[in-house]
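Student: Sequence:
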Amino acid sequence: MENAYVLNKLGVFNYNHVHNPDSSNIDPTSADDLTAGMIHGRKIAHELADYYRKNFPGVHAPAVVITGSLLGVRESRRILGDYYMTGEDYYKQVKHYDDIGSHSYPVDMHVLASSKEEYDKMINEYLDSRYTDGCYYGIPYRIMLPVGIRNMYVVGRCVSCDRVMQSSIRVMPACMIMGQAAGVAASLVNNYNIRDIDIIKLKAKLRDSGVFIGE
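The opening residue of the sequence shown carries number 143 in our numbering; numbering runs sequentially from there.
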């Protein structure tokens, strides 16, 4: 099978999601669970290659080129912040007075169970969720501020939002937007209270650095 596959060429398949019937029992905060998930995933990769060889005409010598070095966990714990984003923020393209950036990545969730009902529900509710050109929602500053904690920013996939919203805001562009905003905001903090910053000044500084916050 030498030279049978070249990455990024025709005939190379990238599987970024293989459903594990027991995945709902994996605790992403447990090293043991993550290890078991990685072992199971690598086993499935070879089973898939064998399945394609047996069932797909033309796939006569499939080879597993590489498997992920880590288990890809899209979601786990999230904070409860001063503002809680939901799917409504996405579908209604909500803009907020304290937006620190704009985003448009679609709702991108995986099913929780490998049943036809779950797949049909996912397709019917979320498949056509992509925005048309020029549409976006705002990312509010408040989703990075955990309730009950005075001076800590939380950015990335664990911000304050529901599962639908998280599937859009978890990706790298949004994480970069939030990370930059948190850094700039920290430089504006007065009296050691991140809730007392001048939002207008924060927005101005972000815009000056090229961040698109909205019209």
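Treat the hints with caution; some may be incorrect.
[What the hints assert, rightly or not] List time: in silico DSS-like cross-link candidates among lysine-lysine, alpha-carbon distance up to 27 Å:
{"no.": "1", "residue 1": "K347", "residue 2": "K237"}
{"no.": "2", "residue 1": "K263", "residue 2": "K234"}
{"no.": "3", "residue 1": "K185", "residue 2": "K343"}
{"no.": "4", "residue 1": "K196", "residue 2": "K185"}
{"no.": "5", "residue 1": "K185", "residue 2": "K234"}
{"no.": "6", "residue 1": "K234", "residue 2": "K196"}
The set of hints was computed from the structure by calculation and includes no laboratory data.
Student: Compare the structure with each hint and give your call.
Tutor: Going down the list of hints, with the structure as the test:
Restraint check for K347 and K237: the C-alpha separation of about 19 Å stays at or below 27 Å, so the hint holds. With a CA separation close to 20 Å, the supplied pair K263 and K234 stays within the 27 Å bound. Restraint check: the Cα-Cα separation between K185 and K343 comes to about 53 Å, which exceeds 27 Å; the hinted pair is violated. Proposed proximity of K196 and K185 is supported: the alpha carbons are some 17 Å apart, at most 27 Å.
Restraint check: the Cα-Cα separation between K185 and K234 comes to about 42 Å, which exceeds 27 Å; the hinted pair is violated. Between K234 and K196 the CA atoms are separated by roughly 47 Å; this puts the pair beyond 27 Å, and the hint is violated.
In this structure, the hints that do not hold are numbers 3, 5, 6, in rising order.
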